[in-house]
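**Student:** Taking the hints into account, I'd like the entire structure generated from these sequences.
Chains A and B are the protein sequences, given in the same order.
If you're matching positions, the first sequence starts at 1 in our numbering and goes up one per residue.
If you're matching positions, the second sequence starts at 1 in our numbering and goes up one per residue.
Hints were generated in silico from the structure; no laboratory data involved.
Note that the structure is a prediction, hence the values are computed from the model and not measured.
Just so you know, not all the hints are guaranteed correct.
[As the list claims (entries may be wrong)] Covered, in the sense of this in silico footprint (three residues per stretch, anywhere, with C-beta under 8 Å from a C-beta of chain A), are these stretches of chain B:
hint	stretch
1	74-83
2	128-141
[As the list claims (entries may be wrong)] Selected chain A positions facing chain B (in silico; Cβ < 8 Å):
hint	residue
3	Gln56
4	Val59
5	Asp63
6	Ala67
7	Trp104
8	Phe105
9	Asn220
10	Ser225
11	Leu227
12	Met234
13	Asp245
14	Ala247
15	Leu253
16	Gln270
17	Ala290
18	Ala294
Where is the CB? At the ideal position from N, CA and C, for every residue including glycine.
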Amino acid sequence: MLQALDASPYLSVERVLSTRDGEAAMIAGRVRGMLVVRDDFSQHLSRPALWPAQAQLVVNATDPNTARILEGYVAGALQVWLSGQQHERRLTATGDVDLEYRDWFNPELRSADFIVPGIIAMVMTMAGTLLTASGVSREWEHGTMESMLASPARMSELILARIVCNFALGIGSMIMSVLIAITVFGVPFRGGFLALTAAVSLFLMFALGLGLFISTLARNQFVASQLAFITTMMPAMMLSGMLFDIAAMPHWLRIVTYLVPARYLVSILQTLFLAGDVWPVIVPNLAGLAVAAAVTLTATLLVTRRRLD
Amino acid sequence: MLRRVLALILKELAGLWKDPKTRLVIIVPPIVQVVLFAYAASYDVTNVPLGIWNEDAGTQATELVRRFTASPAFRTAGSFDASEAARRALDAKTVAAVLHVPQDFSADVLAGRTAKAQLLLDARRSNSALMAQSYAAAIVATFAQDLHPTPMLPVILLTRDWFNPTLESTWFILPGLVCILPMIMALLISALSLARERELGTFEQLLVTPLRPAEILIGKALPGIIVGLIDANIVIAAALLWFRLPFLGSVVMLQAMLVLYMMTGVGIGLVLSSFSRTQQQAILGMFVFASPMIVLSGFAAPIENMPPMVELLSRADPVRYMLVVARGLFLQDMPNAVVLSQAWPMALIAATSLTVSGFAARRVLG
Numbered sequence: 001m002l003q004a005l006d007a008s009p010y011l012s013v014e015r016v017l018s019t020r021d022g023e024a025a026m027i028a029g030r031v032r033g034m035l036v037v038r039d040d041f042s043q044h045l046s047r048p049a050l051w052p053a054q055a056q057l058v059v060n061a062t063d064p065n066t067a068r069i070l071e072g073y074v075a076g077a078l079q080v081w082l083s084g085q086q087h088e089r090r091l092t093a094t095g096d097v098d099l100e101y102r103d104w105f106n107p108e109l110r111s112a113d114f115i116v117p118g119i120i121a122m123v124m125t126m127a128g129t130l131l132t133a134s135g136v137s138r139e140w141e142h143g144t145m146e147s148m149l150a151s152p153a154r155m156s157e158l159i160l161a162r163i164v165c166n167f168a169l170g171i172g173s174m175i176m177s178v179l180i181a182i183t184v185f186g187v188p189f190r191g192g193f194l195a196l197t198a199a200v201s202l203f204l205m206f207a208l209g210l211g212l213f214i215s216t217l218a219r220n221q222f223v224a225s226q227l228a229f230i231t232t233m234m235p236a237m238m239l240s241g242m243l244f245d246i247a248a249m250p251h252w253l254r255i256v257t258y259l260v261p262a263r264y265l266v267s268i269l270q271t272l273f274l275a276g277d278v279w280p281v282i283v284p285n286l287a288g289l290a291v292a293a294a295v296t297l298t299a300t301l302l303v304t305r306r307r308l309d
Numbered sequence: 001m002l003r004r005v006l007a008l009i010l011k012e013l014a015g016l017w018k019d020p021k022t023r024l025v026i027i028v029p030p031i032v033q034v035v036l037f038a039y040a041a042s043y044d045v046t047n048v049p050l051g052i053w054n055e056d057a058g059t060q061a062t063e064l065v066r067r068f069t070a071s072p073a074f075r076t077a078g079s080f081d082a083s084e085a086a087r088r089a090l091d092a093k094t095v096a097a098v099l100h101v102p103q104d105f106s107a108d109v110l111a112g113r114t115a116k117a118q119l120l121l122d123a124r125r126s127n128s129a130l131m132a133q134s135y136a137a138a139i140v141a142t143f144a145q146d147l148h149p150t151p152m153l154p155v156i157l158l159t160r161d162w163f164n165p166t167l168e169s170t171w172f173i174l175p176g177l178v179c180i181l182p183m184i185m186a187l188l189i190s191a192l193s194l195a196r197e198r199e200l201g202t203f204e205q206l207l208v209t210p211l212r213p214a215e216i217l218i219g220k221a222l223p224g225i226i227v228g229l230i231d232a233n234i235v236i237a238a239a240l241l242w243f244r245l246p247f248l249g250s251v252v253m254l255q256a257m258l259v260l261y262m263m264t265g266v267g268i269g270l271v272l273s274s275f276s277r278t279q280q281q282a283i284l285g286m287f288v289f290a291s292p293m294i295v296l297s298g299f300a301a302p303i304e305n306m307p308p309m310v311e312l313l314s315r316a317d318p319v320r321y322m323l324v325v326a327r328g329l330f331l332q333d334m335p336n337a338v339v340l341s342q343a344w345p346m347a348l349i350a351a352t353s354l355t356v357s358g359f360a361a362r363r364v365l366g
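**Tutor:** Below you can see the structure in the form of structure tokens.
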């Protein structure tokens, strides 16, 4: 039986002599789980009257995800071994049910293929919000904002200049990240550049608007960058569906995720990279991004106008 | 010397505390993030929208479909009669999986042949697809078992999930947040500290005070450690009081490890700070370091699954060691020897980064 476990490509087996050793190895993190086979196992197995023979699988469930997957692998390896045994003992297996899986869009279930689009969304967040927020609050902190305001340029022109500049920067880093994703990580890109540019542009408008909004509120680079981190980076990682499935979240939190524009971007990017131009997915998400952009840009205009009075 | 350092620490803390907005971004975010993210971070897959594409009118096929729809893992979100329709629904994400039962399924079951069914999955989210697969496999296995209740399995495998018997995702994520949220705070505070003085030109003023370079560095390091520890304890309190996590290890040990851990964060932050001329450079540098530190730590994906090169890189990541300690002390009552085996890499990182920042700062101060 242990040979069957050794043969599984997903498991690496280490033998211990007692459950106490196994427990220590598990706490130290050297093994993720242990299979306890008592010395009377073979004896039970060889005599049908003593069936079933019992084995115990103890799993370190600190990480429930890995625990569940490990349980699946061990059960699978045992199953393979058992059917081999049955074959040897000429137990006829009657009609089984076979479920075949077809994993569309990502047949090898490569994590990189779905993480990379999420990481691009995080980079966009940084280029947009973090740089803008710290850039403008820096002007306030240094007092150079006043001298800019005293110049003949109007407030809207100042904002526009900022937006254009950081927008170009954001598009530049988008092109770079997509190229890296395709060439270095070998992620396929099956969509069109039109949809990609539209999505990223709208997201950048939102991110820039938020950055400006934060900086007019904060006027201090520490507060501004901390706020930028909290409002964009962390939600982009945790609530956008990049790492964790939105469908599995509690209902109230699923509603909260609609307020995280990164959610729309991640959804579009995953579709563009792995599936193609699927307009029924892209259009509603673009609409979400457009609303987010409109909200932050208007809020920024209102706040800066009030601040000047 | 002690008085002078103390004065500088008080000055730094006052600088953080006097501004109400700064006070707010130190205290409120950890609480909000803990609550939001602890609920968000679930690997459980429930309510997978399932499409049914059943070409077989027989009772066996109907029974198989019924078992899928009755399972809490899946909910029916449409039924199709052609491959094209199923494909379109998967594309548009109206369903995440489609169960395809071909025409001869029931006939095969009744004839004792191996009956074939197919599950089409949207693998844009590979993790969820994998989970949905294993749920489907379990459903089909019981279905097959019930069809032929012969004692085909002479072996019973009993599974016991230690340390987290009900497989709660929050038990796994919260000790991770104890590590990550304070780390971001400590990095940010220390990365900005020297850079701010330099950018505003107050660095020269600091130099003409009687403080020696080492004292300046200590004065800059401690506020980050203190604020980080406060944040860590806010998260710990939330984990224990709100989420009712067990805490089996030693509290003193956890706090001691957190101090060491915060020293690594502050060390890295100060290195960044002493190499940056402006706060913006420091912020960007911090971002460049913080994201891989989180991703490589094992916070979300197990380190064993990383490619060897990346695994090697993760050994320089202090978050990796603290995660083992935090999870171990919360859930496993980890023995001190194991905790200490994680402590020395952190001590090494802290010593290295603090020394480097010392040299770098002296170069600037010199």
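**Student:** With reference to the structure, classify each hint as holding or not holding.
**Tutor:** Do the hints match the structure? See the list:
no., hint, verdict
1, 74-83, "violated (count 0)"
2, 128-141, "holds (count 9)"
3, Gln56, "holds, 5 Å"
4, Val59, "holds, 5 Å"
5, Asp63, "holds, 5 Å"
6, Ala67, "holds, 6 Å"
7, Trp104, "holds, 6 Å"
8, Phe105, "holds, 5 Å"
9, Asn220, "holds, 7 Å"
10, Ser225, "holds, 5 Å"
11, Leu227, "holds, 6 Å"
12, Met234, "holds, 6 Å"
13, Asp245, "holds, 5 Å"
14, Ala247, "holds, 6 Å"
15, Leu253, "holds, 5 Å"
16, Gln270, "holds, 5 Å"
17, Ala290, "violated, 19 Å"
18, Ala294, "violated, 25 Å"
Hints 1, 17, 18 from the earlier list are contradicted by this structure; the remaining hints agree with it.
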